[in-house]
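A.B. asks: In order, the protein sequences belong to chains A and B. Numbered by the numbering used here, the letters in the first sequence go through residues 954 to 1607 in order. Numbered by the numbering used here, the letters in the second sequence go through residues 672 to 993 in order.
The set of hints was computed from the structure by calculation and includes no laboratory data. All C-beta atoms in this analysis are idealised placements derived from N, C-alpha and C, irrespective of residue type, glycine included. Mixed in with the good hints there might be a few duds.
[To be verified] Across the chosen pairs, the derived CB separations fall in these ranges:
| no. | chain 1 | residue 1 | chain 2 | residue 2 | range |
| --- | --- | --- | --- | --- | --- |
| 1 | B | Gly686 | A | Phe1115 | 19 to 29 Å |
| 2 | B | Asp734 | A | Phe1112 | 36 to 46 Å |
| 3 | A | Val1347 | B | Gly710 | 41 to 51 Å |
| 4 | A | Thr1116 | B | Asp734 | 35 to 45 Å |
| 5 | B | His736 | A | Ile1537 | 17 to 27 Å |
| 6 | A | Leu1424 | B | Met672 | 18 to 28 Å |
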Amino acid sequence: MNIFLTYTVLGFVIGASYAIAASGLVLTYATTRIFNVAHGATAMFMAFVYWELAYNQGLSDWLSVLLVVFVIAPLFGALLERWVIRRVADAGVGVTLVVTCAVLVGLIGAAEKIWPPGVHSVTMFFAGHGVRIGKVHVSGNDLLTIGLAVAAGAVLFAFLTFTRTGVAMRAAVDDKELLALHGGRPHLMAALAWAMGSALAALAGILLVSARPSDLNYISLTLLVVNSYAAAMAGRLTSLPRTFIGALVLGLLNAYASGYLWTGTAWTGFREAIPAIFLLLMLLLMPQAPLRVGRLSGVAGVRTPEPRRIAIASAALVLAVVIGNAVLSTVNVNRMALGLCFAILALSLVPLTGFSGYVSLAQFSFFGVGALTVAKTHSSAPTALLLGALLAAVAGILVALPSLRLQGLYLALSTIAFAQIMDSMVFQNPSLGGFGGSLRTKRLDLFGYRFTSDKAYALLAAAVFCVIGILVIGLRKGRYGRILIALRDSPAACATLGLNPRLARVAVFAGSAAIAGLGGGLYAGLQNQVGSTNFQFFNSLPLLLIVVCAGVTSVSGALLGGMLLMALNSYPSTQAYLFLILAIAAVGLGKQPNGIMGWLFDLRDHPVAGRLGFGSAGLARSIAASAAGAGTGSGTRSVGKSPVAVGDNAEAEA
Amino acid sequence: MTRLEVRDVTVRFGGVTAVNEATIAADAGHVTALIGPNGAGKTTLFNVITGLQKPTAGRVFLDGHDITHTPTHRRARHGIARTFQRLEAFGSLTVEENIRVAADAIRSKNAKPAQVTRELIRRIGLERYAGVRADAVPTGVARLVELARALAIDPALLLLDEPSSGLSQAETAAFGELLRDLAAQGRAVLIVEHDMPLIMRVSDRIHVLDRGVLIASGTPGEVQADPAVRKAYLGEDEPPSDPNPTMAMPAVVEMDEETFVATYAGTHAAPPTRVAEPAAETETETESEPEPESEAESEAVPESEEPPPSPDGAGPRSGGWF
Ligand SMILES: Nc1ncnc2c1ncn2[C@@H]1O[C@H](COP(=O)(O)OP(=O)(O)OP(=O)(O)O)[C@@H](O)[C@H]1O
Ligand SMILES: [Mg+2]
C-alpha cells in the first residue's frame, strides 16, 4: 500500500510537470497552428538560464525563477514569433516543423557554447521540507510542482475562457481576417501565445531539473519534454483539460512502470518507451480527417535533368572524390566517405519528403537497422548490406502501416514515436551493444576485393550514391514518381482516378527506409564499429533540418545535406557558421522550399549570374556544352515557368 | 440503362442537412444535369457518389451493384471519374503529366498510356499547355485538364462539377458538343452547371436540388415548366405568362434562356456566362500570345483573355481515340 502510494505521488509529480510543458505546447498550437518542436529545447535553455542566474550570478532562487519565467522566456517566445515563426506561418507543415527544428538545434548549440559541458547541478526548492501523507514523505519541491501545475491550468483555463484577450486568442486560429475585422490583432495574439508558451516551457524545465538535479543536460532535458508531446496529443493539441488528464495518466503510467515492472533488461527498454507508445496510441485514436478538397497549388517542384547531365554530374562526383583522395589527409578522406554515407541517408528523404511531402523523423532508425544488420551478421559480403536494406524496409513498412490514416503533423509525430520506441527497445538492447556499447563491423568484400582503405571506401560510397541518385531521378521521371507527387498535391483526386493512396505510401516508406538502411550498412563498414548512440532518434532532427535546408527535392541537395551533416559532426569549430547558414535557409524556406540548392538553381537561371557560370550546375553545363560540341544553350528545357528551379544532380562536388 | 442510382441519400454536417433524402439517376448514353442554387448540395452529392463523403443515410448503386461502402479508388476502377468544382489538378505536375497519371492508373486495361495521353491532349485541345505546370495555367484550362484527366481512365460514368466556368462562349459551345459525343459513346454523363443555356441544350434529363431536397426531375422542358423549380429560381409562386410545356425542346431553350440566365445572374455569386466577346478577337490574341512560359508568369490571367485551347479555335475535336 505504501509502495503504491509512493508511486502514485511520484506519478502526480511527473504528470504535473508534463502538464505544464504540454499546456504551453497546446497554447501555441491552438493559437497559431504551429507545432513547436523546440518546446523542449526552450525548457532546457531556460533551465540553464535559471542555473546561470541563481548559481553563477548569485541571485536568489526565487528572483531567478521570476526573472526567467516572467521576463526572459516570454521575451524569447515573443521575439521568436515575431522574427521567425511569422515568416513561415503560412507555409506547410513540413516547413514549420523544419523551422522549429532549426530553433531546437540552435538552442542546443547555443547552450553548449554558453555553458560548456560540466556539472550544472541545481538543488531542490524547499530542500528538507515536506509533508507526510500516511507514511509517505512528499517533498516540498513535489508539492510545489503539483501546486504550480494546478495553478497554471486554472489560470490558463480562466484566461482563455473568460477574458477578451483569451477569447480573441482562440479566435485567431480560425479566421485571422475575421478577427482583424472585429478589431482584434492576430499578430499580437500569436506573439502573446508564444510568449506564454515559452514561459510555461521555462517553468516546466526549472521544475524538472529541480526535481532530478542530474537532468541539467542539453539533450535529456530536451527529450524529456518530448513526453509532453504525448500529453498534448491526448488533448488533440487543442483541449487543455484533456491535456492535463493525459499528462496525469502518462505520469502515473511512468511511475507505476518504474515501481512494478520488474527490472529485467527487456523491461527497462519498455519502460522508457512508455511515453512514445502512449503518443502513438493517442495518434492512432485520432478521428479520421476527411480528405481535403479544394486546392490547386503545386509545391515548388523538381525539374529532372536529362540523362546526359546525370552522367556528367555522376562523373564529376567520382572525379571529385578521386581528387579528394589525392589531396586530402587520411582523416579528411575518412570524413569525406562519412559525408557520402550521410548523403545516401539524406537521399532517402528525397522520395519521402521531397516528392511525397511526408515528414519523417525516423530516418536514423532505419539507418541504424542497416548498420546493426551489418554488425550483427559479422559479414563482409554484399548480401549483409542488402539484408540490412531489406530489414530497414520492413521497419519502414512498420512505420507506415499503423499511421496510414495520419496526415502532416500527426504522421511526423508518429515517426517520432516510432523512432523513440526503436531507441529504447531495440538499439539499446544489450545484445545489440546496449547503451553506450558498440559492435565491431567488417568492411565490404566485393568479388574478392576488400575495401580496406578509406580512399577505396569513399569511391564505393560515391558510386553507391550515384546509383541510388540515378534511381531516385528515374523514379521521379517515371510512373511511380508522378503518382507520389500527385498524391501529395491531391490525395482526393488520386483516389477518384483509382489510385490506392495507402499502397503508394507504404511503398515509398519502404523504399526510403531501404535507402537509409543501405547508407547505414555502408556507414557501419566505414566506422569499423557502431553503437546505439549513433542512431538515436535525436539525430534525425538535424538530419531533417539540414537536408530540407540544403534542398530535399533534389539529389544534389541530398549530397550537400550529407556533407553538411558530416561537417556538423566532424568540424565542431564550424558549427556556429553552419547554424547561421541553416537558420537563414530555414527562414527562407517559406519563399524557396527547394532550399539552398533552389537558390543556386535560381541563380543559374539568372541572366547574368547564369552566364558567368555561377550556380551549382553552371560549371556542369558549360562542360556539357563543350563536351557535346553543340552548346545546349541557356534554354535547354522548356518547362513552363515554374516558380522553382530544377532538381538535378549536377554539382561540382559539394 | 440506368448506370447510376442514388437512392434516398441524406448527408448531415452537424446540424446542417446538406442533402435530404435525394434520389437521382443517370443513364448510360445520356447527359444528365444536376442543377440548383448555391448550397443546394450538388457538390456534396458528387462527393457521396465518388465515396469522398459518407452519406448519413441512403445508398448508391452503379450498374445495379451497391457501392455505398466501396472505397473511392475502387469506385474509380469500376468506372466512375469526376472533375472538381474547386480545382484539384496536380499543381506540381505538368498538364501532360496530370493526364498521364490517370492514364497510367488503368494501365492494365489499355496498353499505351503515352498514346492515350497524347490523344487526349489533342482532343481536348491542350497542346499549348502540355508542358506547363498545372498550377500555372488559367482556371478554365485547369478545368479542361481535370476533364482530360478524368477521361483518361475511360470512365463509364463521368461526373462534371461546373466544368464550363472559366470558358469563353465559343469554348462553351464546343464543350457542349464534346458532352454529347461522350454520351454518344455510351457513357453516362452527370453534370452540375450554372450555365442554363448549356444545360438546356445538352441534357437529356435534369434533376433540380434545392436546399438538399430534390424538387424536380424531368426533361429540360418539364423542368423549366415546373412551378417548384420556378419558385426556387425565381422566388415566385406562379409560372410566368404562357409557359408551354409541350413545346419542342430547342424552342423551349430559346424562349427561356434569357429568363434563366438573368435569374441566375441575380441570385448567384458568379455569373455563368462570360461577357460576350467576339471570337475573332480571341483568335487574334492567340496569335499574338508569346510562349506559354510567359503566360505562366503572369499569375492570374483573366479567363476572358484566354485563347481557345485548340490552335484552330474550334475547341475540342471529336474523334480520335474515343
Ligand atoms: N465539409 C462540410 N462541412 C460542413 N458543411 C458543409 C461541408 N460541405 C458542404 N457543406 C454545406 O452543405 C451545403 C451544400 O454544399 P454544396 O457544396 O454541396 O452545395 P453546392 O450545391 O455544390 O453549391 P455551389 O453551387 O455553391 O457549388 C452548404 O450549406 C455547405 O455549407
Ligand atoms: Mg458545388
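A.B. asks: For each hint, tell me whether it holds in the structure or not.
C.D. replies: Hints, one by one, checked against the model:
no.	hint	result
1	B:Gly686 / A:Phe1115: 19 to 29 Å	26 Å, holds
2	B:Asp734 / A:Phe1112: 36 to 46 Å	59 Å, violated
3	A:Val1347 / B:Gly710: 41 to 51 Å	49 Å, holds
4	A:Thr1116 / B:Asp734: 35 to 45 Å	60 Å, violated
5	B:His736 / A:Ile1537: 17 to 27 Å	58 Å, violated
6	A:Leu1424 / B:Met672: 18 to 28 Å	48 Å, violated
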